[in-house]
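Novice: With these hints in hand, go ahead and build the complete structure from the sequences.
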Amino acid sequence: MSAGLCASEETIVTKIEPGTLSRRTLLMGATALAGLPLLSSLAHGQDKIDMRIAWWGSDDRHQKTLKMIDLFEAEHPGLTMESQYGGLIGYQDKLSTEFAGGNAPDIMQVSDSREALIKSGRLLELDEYINSGELDLSDANKSVLETLKVDGKLYSIPWGLASGCYFIDTKVFADSKVEEPGLDWNWDGFAEKAKAIADATPDGVYGSADIWAPAGTRSFYPFEFFLRGRGKTAYTPDGKLNFTADELTEWFTFWDELRKAGVVPPAEITALETGFETSPIVTGRAAMYPINSSIASSLQALAPNPLKVLSFPSGIGSTALSGDKYGAFINSSMQVYVNAASEHKDVAIQFLNFVTNSPDAAKIHLMARGVPLSSKIAALVSPDVSPIEQSMVDMIQYVQEHAVPEVVSWPVQGGQIQDLMQRSHQEIAFGQSDIAGTVSKFFDEAEFILE
Amino acid sequence: MTLSPTPTSIEALPQPTTSSVKARPRGRNILSDNAWGYLFLAPWIIGMVFFMAGPTLVSFYLSFTSFNLLEPPEWIAAKNYVRLFTQDGRYLNALRVTFTYVALAVPLNLAFALALAMVLNAKIKGLGIYRATYYIPSLLGGSVAIAILWRQVFGFDGIVSQALAVFGIEGSSWVSSPSQALWTLIILHVWQFGSPMIIFLAGLKQIPVELYEAASVDGAGPWRKFWMITVPMLTPVIFFNLILQIINSFQAFTPAFIVSGGSGGPLDSTLFYTLYLYLQGFANFRMGYASAMAWVLLVIIGVLTALAFLSSRYWVHYDDSAK
Chain A
1 MSAGLCASEE TIVTKIEPGT LSRRTLLMGA TALAGLPLLS SLAHGQDKID MRIAWWGSDD
61 RHQKTLKMID LFEAEHPGLT MESQYGGLIG YQDKLSTEFA GGNAPDIMQV SDSREALIKS
121 GRLLELDEYI NSGELDLSDA NKSVLETLKV DGKLYSIPWG LASGCYFIDT KVFADSKVEE
181 PGLDWNWDGF AEKAKAIADA TPDGVYGSAD IWAPAGTRSF YPFEFFLRGR GKTAYTPDGK
241 LNFTADELTE WFTFWDELRK AGVVPPAEIT ALETGFETSP IVTGRAAMYP INSSIASSLQ
301 ALAPNPLKVL SFPSGIGSTA LSGDKYGAFI NSSMQVYVNA ASEHKDVAIQ FLNFVTNSPD
361 AAKIHLMARG VPLSSKIAAL VSPDVSPIEQ SMVDMIQYVQ EHAVPEVVSW PVQGGQIQDL
421 MQRSHQEIAF GQSDIAGTVS KFFDEAEFIL E
Chain B
1 MTLSPTPTSI EALPQPTTSS VKARPRGRNI LSDNAWGYLF LAPWIIGMVF FMAGPTLVSF
61 YLSFTSFNLL EPPEWIAAKN YVRLFTQDGR YLNALRVTFT YVALAVPLNL AFALALAMVL
121 NAKIKGLGIY RATYYIPSLL GGSVAIAILW RQVFGFDGIV SQALAVFGIE GSSWVSSPSQ
181 ALWTLIILHV WQFGSPMIIF LAGLKQIPVE LYEAASVDGA GPWRKFWMIT VPMLTPVIFF
241 NLILQIINSF QAFTPAFIVS GGSGGPLDST LFYTLYLYLQ GFANFRMGYA SAMAWVLLVI
301 IGVLTALAFL SSRYWVHYDD SAK
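Listed in order, the protein sequences are those of chains A and B. The numbering of the first sequence is the working numbering, which starts it at 1 and goes up by one. The numbering of the second sequence is the working numbering, which starts it at 1 and goes up by one.
Since the hints were made in silico from the structure, they are not lab data. There may be inaccurate statements among the hints.
Below 30 Å or equal to it, Euclidean Cα-Cα: the simulated BS3-like pairs (lysine-lysine) are [to be verified]:
1. A:Lys94 <-> B:Lys79
2. B:Lys79 <-> A:Lys119
3. A:Lys240 <-> B:Lys79
4. A:Lys232 <-> A:Lys142
5. A:Lys345 <-> A:Lys376
6. B:Lys79 <-> B:Lys225
7. B:Lys125 <-> A:Lys441
8. A:Lys48 <-> A:Lys94
9. A:Lys119 <-> A:Lys260
10. A:Lys149 <-> A:Lys325
11. A:Lys94 <-> A:Lys67
12. A:Lys232 <-> A:Lys94
Have a look at the derived ranges for each label pair, beta carbon to beta carbon [what the hints assert, rightly or not]:
13. A:Ala436 <-> B:His317: 52 to 62 Å
14. A:Gly437 <-> B:Gln152: 32 to 42 Å
15. B:Ile187 <-> A:Gly87: 44 to 54 Å
Just some of the chain B residues that point at chain A, by a computed CB distance under 7 Å [to be verified]:
16. Leu69
17. Leu70
18. Gln87
19. Phe156
20. Phe167
21. Ile169
22. Ser173
23. Ser176
24. Pro178
25. Pro266
26. Asn284
Cβ atoms here follow ideal geometry from the backbone N, Cα and C, with glycine treated the same way.
Specialist: As structure tokens, then:
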């Protein structure tokens with residue numbers, strides 16, 4: 001051991017006196033620590049990108065989406081996609097809070113409040129990217145895209161085409177010797193089939209679920225189909241209600257009569273449903289169930305019997321809920337949006353393009369969110385799809401061919417009006433209020449909500 | 001500021017002498033002592049200011065605005081408060097549901113907790129095990145898992161309706177019936193009797209045995225002993241539990257949210273105050289309105305607690321009051 005080394009140790013000891021940790025030493029240490037992640041990121045190259053994506057759904061959809069994202073990451077070295085997924089309950093609450101806090105995901109599905117998000121400029125307008133060719137929609141159904149526009153601008157692309165529909169239990173139909181309805185059925189036909197099944201099955205099994213089934217389409221959306229059948233819309237373009245007390249009375253009465261006749265279940269059974277997992281078509285209590293078609297493969301996986309997808313009944317040629325036009329339309333539920341504040345908009349657009357046009361992605365995803373937007377892709381995956389998905393394809397095809405084009409988007413408070421409609425059905429079904437009283441209360445409360 | 005106990009700072013430490021305050025040599029060191037105190041308090045102070053006091057004050061401001069989270073708040077003066085009491089039928093219903101819940105769940109819970117505390121106060125073998133067992137529901141009761149379980153138990157095919165069917169009572173679904181759903185939540189609350197029970201137990205142990213012995217000698221039966229000795233001696237503990245329970249049950253949220261599937265249904269029959277507040281704020285994006293609701297709730301709880309304190313002088317007997 002040399003004397004020199006000893007001397008230098010001594011110097012160090014005397015420099016850092018016990019307990020006098022100088023500010024400079026502290027700062028230097030802190031800087032060195034802060035620099036560490038910087039160094040490691042340099043080592044990885046400068047293309048390292050972190051993004052987040054959010055969606056809701058069931059397990060089937062989660063697994064397929066995660067695999068798709070793995071593939072997208074493999075195609076983009078340096079990209080890390082963080083996935084944020086779960087069920088629908090609470091999804092929008094969390095997303096809106098994230099938007100308010102400035103940490104919303106880069107890419108996401110939006111469930112209820114797209115109007116509010118668009119109005120406040122939080123979602124990226126896509127037309128610029130479509131025009132530049134970065135987002136290729138040449139194989140997409142143009143009329144569907146047209147219905148999704150808000151004030152003439154496109155903010156989302158469908159990650160799959162869907163519509164409100166009826167799932168029917170083919171075994172119960174066969175056992176009851178009731179002929180399955182076709183895609184062109186109307187409300188009279190619906191009531192007749194449902195009654196025939198209720199008569200042919202034991203007590204406790206009903207022809208159809210009620211229209212306010214909590215996990216289903218919920219009542220307002222089919223009510224909008226009914227109004228469109230009469231050439232009307234649910235809302236005016238400036239966000240006021242566009243229907244009369246008579247039309248609402250007609251709608252409530254139709255369902256009330258079916259309930260009183262024991263064709264749809266009593267209120268206590270309908271209110272028990274917490275998700276499509278506990279819906280009467282899964283528990284075997286009803287032979288028909290109204291819900292969004294995008295759920296097809298998940299619902300079939302849970303249901304005891306083979307299901308089939310039917311479009312919503314129309315009012316054409318019907319005495320009940322009559323209307324001379326076809327009211328159902330392709331809806332905007334399974335849409336994918338880009339955060340306008342994303343730091344990697346270009347990559348996000350590439351992802352939208354990937355889900356729309358990549359054959360490899362389509363082979364993984366199949367129809368987990370409905371029928372693919374691109375007709376080319378839809379044709380490509382059709383040999384791989386299950387019978388339930390095939391019947392969903394037929395239904396979407398039918399709706400696309402027959403739907404009345406005009407769609408007026410819901411105002412920001414649309415979700416609250418939908419809840420109000422659900423509560424109104426409950427008041428009638430639980431016998432707390434008659435139809436006339438419920439209708440007038442509906443308009444009072446709607447005025448308060450839309451004010 | 002130095003980070004080590006240098007000779008001067010050791011001198012500055014309060015000495016165990018009577019003149020220690022005056023003996024502090026220089027103001028600078030007192031200040032440095034305080035600085036140390038504040039340094040160690042800093043995590044709490046920062047948390048308090050940024051996560052409690054700050055948001056609380058901001059929410060007071062927001063309660064006078066229309067604010068949807070996405071656009072800047074807009075000043076509308078007292079309109080939110082006026083709306084609450086004059087236009088919003090669901091709000092008045094939520095108040096009614098919450099008051100019913102508190103008025104039924106709190107006394108039932110306390111009675112149940114006291115009854116079990118009396119039983120567990122007896123000298124039986126393996127008492128520790130019983131006490132632990134009865135405390136478990138309190139740990140689990142507020143959880144999401146139990147709320148989901150509750151939905152099953154009181155559902156259409158649940159244990160309760162099946163058990164009632166044995167006695168010939170027609171099976172029905174408690175959770176999906178507007179007249180019964182609130183009761184399932186009250187039962188859930190009563191079931192979480194553990195913490196008041198433990199506090200009651202501690203209180204019971206404080207009551208001098210001589211009082212009971214003297215009463216026995218005078219020929220008092222158990223019922224009389226309970227009303228004339230146990231209850232009066234226990235009133236401070238009852239009072240403490242009552243205040244805690246009132247405050248807690250006004251703020252109950254999880255059970256209603258889960259059991260009703262997040263809606264407060266069926267027919268708003270389980271629409272607790274906090275649940276409606278949450279729905280207005282986070283589902284309808286009316287943060288200003290929700291803030292106003294939060295402040296009204298604060299006033300309600302404050303007033304009720306104050307009333308309980310005022311009434312306490314008439315029914316709560318502290319040991320030392322006899323002196």
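Novice: Assess, step by step, whether the Cα of lysine 232 of chain A is no farther than 30 Å from the Cα of lysine 94 of chain A, and give holds or violated.
Specialist: The hint is violated at about 34 Å.
Novice: Taking the least C-beta to C-beta distance, is leucine 69 of chain B closer than 7 Å to chain A?
Specialist: Interface hint status for leucine 69 of chain B: holds (4 Å vs cutoff 7 Å).
Novice: Are phenylalanine 167 of chain B and chain A close enough, Cβ to Cβ, to be under 7 Å, as the hint says?
Specialist: It is violated, given that the least Cβ distance between phenylalanine 167 of chain B and chain A is near 20 Å, above 7 Å.
Novice: A closest beta-carbon separation below 7 Å is what the hint needs, so does serine 173 of chain B meet it against chain A?
Specialist: holds (5 Å)
Novice: If you check the beta carbons of alanine 436 of chain A and histidine 317 of chain B, does the distance land in 52 to 62 Å?
Specialist: For alanine 436 of chain A and histidine 317 of chain B the Cβ distance comes to about 58 Å; the hint holds.
Novice: Can you let me know if the beta-carbon spacing of glycine 437 of chain A and glutamine 152 of chain B is within 32 to 42 Å?
Specialist: Distance hint for glycine 437 of chain A, glutamine 152 of chain B holds at roughly 35 Å.
Novice: Going straight from one Cα to the other, do lysine 125 of chain B and lysine 441 of chain A come out at no more than 30 Å?
Specialist: This hinted pair is violated, its Cα atoms lying about 62 Å apart.
Novice: Leucine 70 of chain B was flagged as interface toward chain A. Is the shortest Cβ-Cβ separation under 7 Å?
Specialist: holds (4 Å)
Novice: If you draw a straight line from the CA of lysine 94 of chain A to the CA of lysine 79 of chain B, is it 30 Å or shorter?
Specialist: holds (27 Å)
Novice: Given the hint that lysine 94 of chain A pairs with lysine 67 of chain A, does the C-alpha gap stay at or below 30 Å?
Specialist: Since the Cα atoms of lysine 94 of chain A and lysine 67 of chain A sit roughly 24 Å apart, the hinted pair holds (cutoff 30 Å).
Novice: Does lysine 48 of chain A pair with lysine 94 of chain A here, judged by a C-alpha cut-off of 30 Å?
Specialist: With a Cα-Cα distance of about 27 Å, the restraint between lysine 48 of chain A and lysine 94 of chain A holds, given a limit of 30 Å.
Novice: Does phenylalanine 156 of chain B hold up as a contact with chain A if the rule is Cβ-Cβ below 7 Å?
Specialist: holds (6 Å)
Of the numbered hints listed earlier, those contradicted by the structure are 6, 7, 9, 12, 15, 20 and 21.
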